[in-house]
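Undergrad: Chains A and B, in that order, give the protein sequences.
According to the working numbering, the first sequence is numbered sequentially starting from 1.
According to the working numbering, the second sequence is numbered sequentially starting from 1.
Hints are computed from structural coordinates only; laboratory data are not their basis.
Among the clues, some could well be false.
What the hints assert, rightly or not - Here's a subset of chain A near chain B, in silico, CB distances under 8 angstroms, partners left out:
no., residue
1, 6
2, 13
3, 19
4, 21
5, 26
6, 28
7, 33
8, 34
9, 35
10, 37
11, 43
Claimed, not checked - Covered stretches of chain B, as calculated for chain A (at least 3 residues, CB under 8 angstroms):
no., stretch
12, 13-23
13, 28-40
14, 99-110
Said to hold, decoys possible - When the alpha-carbon atoms are kept at most 30 angstroms apart in a straight line, the in silico DSS-like pairs for lysine-lysine are as follows:
no., chain 1, residue 1, chain 2, residue 2
15, B, 86, B, 42
16, A, 10, B, 42
17, A, 10, A, 32
18, A, 10, B, 86
Cβ coordinates follow ideal geometry from the N, Cα and C atoms, glycine included.
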Amino acid sequence: MRFTAPEALKAVGSEAGLVESSSRRIGLRSGKRFAAIVLRKTAG
Amino acid sequence: MDGGTQRSPWLDIPLADYEGHMSLPEIGQAQMIADFFASLLKERSPASVAVMGCSGGNGFDRIDPSVTTRVVGVDLNPAYVRRARKRFSGRFDRLELYTCDIQAMDALFEPVDMVYAALVFEYLDPPASAVVRMAAHLRPGGVLATIL
């Protein structure tokens, strides 16, 4: 499986003890759009 | 090639070609990676950071060595790692650079406050195991910052 979808990353991260901290979109002049996502590792 | 394992194309791309392409104004992705990294460093002031797929150290120049004293870089291509070492050796209290497949990282380095993985997951198959490995290299409360 390959993924570039934010929701897929968040789902996998959740299983690894990571919770979403922030998320935003970045657009470039080329028209390409990206997702910038920060996941925080929960204690323990 | 060994045991049927496919050789990564990243091993055959010269750093100058990669950096030249990513820096083209119409591409702009090297700038994006470095800018987001810089914003994270400013917001979170991590004492330690690890950059996955660090190439020649894109964004390392945005790290304030008085704040972030430990910098880790991991890349599959040994030539990229050598160049990063040449460029940034002596800039930080601790600079740890590893030639390693991200999907094979197993306690490669001591946990850090931030793992930065920008435009990396699209090249990892399966990416889920890489997320788990990156999470294992984070301190509790640390963050995995990504660009997809």
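Undergrad: Against each hint, give a clear statement of whether it holds in the structure.
TA: Against the structure, the hints come out as follows:
1. 6: holds, 6 angstroms
2. 13: With Cβ-Cβ at 6 angstroms, under 8 angstroms, it holds.
3. 19: violated, 10 angstroms
4. 21: holds, 6 angstroms
5. 26: holds, 6 angstroms
6. 28: holds, 5 angstroms
7. 33: Violated. Min distance 10 angstroms.
8. 34: holds, 5 angstroms
9. 35: holds, 5 angstroms
10. 37: Interface hint status for residue 37 of chain A: holds (5 angstroms vs cutoff 8 angstroms).
11. 43: holds, 4 angstroms
12. 13-23: With 0 residues close enough to chain A, the hint is violated.
13. 28-40: holds (count 5)
14. 99-110: Violated: only 0 residues of the stretch 99-110 of chain B have a Cβ under 8 angstroms from chain A.
15. B:86 / B:42: holds, 25 angstroms
16. A:10 / B:42: The given pair, whose Cα atoms are some 24 angstroms apart, holds under the 30 angstroms limit.
17. A:10 / A:32: holds, 21 angstroms
18. A:10 / B:86: Distance of about 36 angstroms is beyond 30 angstroms: violated.
Violated hints, listed in ascending order, are 3, 7, 12, 14 and 18; each of the other numbered hints is respected by the structure.
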